[in-house]
Every structure is written in C-alpha cells, then in structure tokens.
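Enquirer: If you're matching positions, the sequence shown starts at 1 in our numbering and goes up one per residue.
Please note that a few of the clues may not be correct.
[Claimed, not checked] Pair by pair, the computed Cβ-Cβ distance ranges are:
(1) 55 with 32: 33 to 43 angstroms
(2) 42 with 14: 40 to 50 angstroms
(3) 7 with 34: 55 to 65 angstroms
(4) 8 with 29: 29 to 39 angstroms
(5) 8 with 38: 41 to 51 angstroms
(6) 25 with 4: 29 to 39 angstroms
Note that these hints are calculated values from the structure, not bench results. All C-beta atoms in this analysis are idealised placements derived from N, C-alpha and C, irrespective of residue type, glycine included.
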Amino acid sequence: MPHDASQSDDALKELTVILHLQQCLSHRRNFFDRKSELLEIDHQRLRSFLRDSVIIEATS
C-alpha cells in the first residue's frame, strides 16, 4: 500500500508541474499578444503621423 501512495504523490507532483508550465505558457502568450497589440497601435500612430506630415507639407 505505501507503494501506491508514493505513486500517487509522484503523479500529483507531475500534474502540479504540468499545470504550472501551462500557466507560464499562457501568461507568456498573453504577454506577447499584448506586445503585438501595442506594436500595432504604434504602427498605426506612426502611419497616421506620417500621412498627416505629408498632407501638411503638401498644403504648405
């Protein structure tokens, strides 16, 4: 019987590690998704700024 308890403990430890790794991957994915959104916003602002600059130069 102690052998079964040991196997259960090992299985529980493995499961805990797997869940922790999944959580880390999820956080990392969320981080990179957010970074991607911010870069897209920066890219849109830059394009808008450049477009406005060209319009201002053309009308001056």
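Enquirer: Does each hint hold? Answer for all of them.
Expert: We went through each hint and held it up to the structure:
Checking the proposed 33 to 43 angstroms range against residue 55 and residue 32 shows it holds: the Cβ atoms sit about 34 angstroms from each other. Distance hint for residue 42 and residue 14: a CB-CB separation of about 42 angstroms, consistent with the stated range 40 to 50 angstroms. At roughly 41 angstroms, the beta carbons of residue 7 and residue 34 sit outside the given window of 55 to 65 angstroms. Checked against the hint of 29 to 39 angstroms, the C-beta distance between residue 8 and residue 29 comes to roughly 31 angstroms, which is consistent with it.
As the Cβ distance of residue 8 to residue 38 is approximately 45 angstroms, the hint placing it in 41 to 51 angstroms holds. Remark: the range hint 29 to 39 angstroms for residue 25 to residue 4 is upheld by a beta-carbon distance near 32 angstroms.
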